[in-house]
Structures are given as C-alpha cells and as structure tokens.
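Take the sequence shown: its letters are residues 27 to 268, numbered as in this note's numbering.
Take the hints with a grain of salt, since some may be wrong.
EDC-like cross-link-like pairs, simulated, lysine to aspartate or glutamate; straight-line CA separation at most 20 Å [what the hints assert, rightly or not]:
id	residue 1	residue 2
1	K204	E131
2	K167	E119
3	K204	E170
4	K134	E151
5	K134	E119
6	K167	D113
7	K215	E151
8	K204	E151
9	K204	D113
10	K167	E131
11	K215	E103
12	K167	E103
13	K204	E103
Hints were generated in silico from the structure; no laboratory data involved. Because the structure is a prediction, the values reported are computed rather than measured.
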Amino acid sequence: MGLEDGRSASAAASRPHRSRNPSGELPAPAAPAGPSSSNGGAALAAGGAASSSYERIGLKFRGLNDDAHRCNAEAREAIGVLADMFDPLGPLELRVAESEADELEALKLYRDMNHLSLAGGITCEQVIRHVESTTVVLYYKHPEADAPICVTAATFSLRPPSTMMLRLLATHPRMTRKGFARLTVHFLKELCRALGKTQILVYTYPSSASFYKAQHFQHTNPHLQRADALAAAAAAAASGGG
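My request is simple: use the sequences and hints to build the entire structure.
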C-alpha cells in the first residue's frame, strides 16, 4: 500500500562501499607463481603477455564521491542539526545508526515487528546497508534505568528531485502507543523540509494504514482514496441518522 505525506510540501542507504584503494585504481596483476618446468614457464609467459596489454584498471564505486555519497552526507549533517530538537525532551536521543551496535538495534526492532523480508525477498539487512539508505534510531532512558534503550528505528532513502522513501519503521514491542513512532515521523517531516523534499512515500501493510493516516498521509492509489471517502461519508450518514 502506497501512502504519501502531503503536508511536508511546505518545505534512504547504508554507508558507502569502501575500497581498499581510495584512488579507484588497481595495479597491474603480478605474474602468478607456478612450476619451474619449461611448460610452466611458457604458460607464465603467455599470461604475462596478455596482462601487459594494460597497466592499470579504473573502478567506479557507487556511493563513493558521487551524488549518492553527497546526498547521504547532506542528510546526515541535517540530522545532526535537527536532532537538537530532542534536547529539551531530556531522556530522548535521536542519531544516525552509523555504528554496528546501532544497526543491530535497528535490526532487532525490525525483526520484532516481523519485518523479516520485504517484496521480492529483500531482507532488512539489505535495506539498511544499501548505498542509498540512511537509518536513524531513537533512544529513551527511563529515570530509573541504567542505560537507554532503542525504542524506534526508521530507514529511508532520498529520491530526486523531491521524495523521501520511508523503507522501514518499527517500535520496541514494549514501547508501542507511547508516541515514539509518531515523534520519529514528525522528525522525518522536518528533515524533508530542511532538505527541500516535498513528500514522504511509504509502502506499508494495511494494518498500519491507520497510523499513517493519523500522521496526515494519503493513499497514492485513487481507488483507495475513493473507498476512504465513501467509508467516511457512510459513517457520517450513519451518525447523523442515529
């Protein structure tokens, strides 16, 4: 089910793949070790002649010093600035899931919410670690607790020119209906405004549609929009007739 937020009009991927050679160039391959016999020597000579036709190989990595990398960097910088809005709330802290520990906390929440696989057999791990995805985690510390716990995680990607794709959103099973997910969605709306995005698009289960509608999302499917309007009209007529 596709839903989008129209109210953000007032205004994701994992960290980029790294190569061991930042220049993106590989040296010419060395001649492999082989037997010292004459036949072996002939084989090595043939291989050496073939490899000597080039001196180096240039590789281009997606997410490394390209538009995707710059887009991710801009989003993370904006998240760091906007996260200050949580300072007055005291026990709450929102940050980018850049460490392995934060990624594992996000995966735990997605698994607890039964987000084991997505359309096409895509796993949550693949979504989180995709080059275009960014994951944020919200931590809450109870006054009597020794350490904070991860209560909400959200993974998104940015689509040019003006869309944020909310890929995953989950809340700790013991922390549902306490406003943490709503607060995270509100943060993502503010992030969209800061980045010049005009809409948030989310594909969700029908059981979660009521949550997004309460956050002012609308169906992108016109047939579903019409069905919602008919249902609302029928409910109004029933209440008026009673």
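How the hints compare with the structure:
no. : hint        : result
1   : K204 x E131 : 19 Å, holds
2   : K167 x E119 : 9 Å, holds
3   : K204 x E170 : 18 Å, holds
4   : K134 x E151 : 11 Å, holds
5   : K134 x E119 : 18 Å, holds
6   : K167 x D113 : 13 Å, holds
7   : K215 x E151 : 24 Å, violated
8   : K204 x E151 : 27 Å, violated
9   : K204 x D113 : 18 Å, holds
10  : K167 x E131 : 15 Å, holds
11  : K215 x E103 : 16 Å, holds
12  : K167 x E103 : 24 Å, violated
13  : K204 x E103 : 28 Å, violated
Violated hints, listed in ascending order, are 7, 8, 12 and 13; each of the other numbered hints is respected by the structure.
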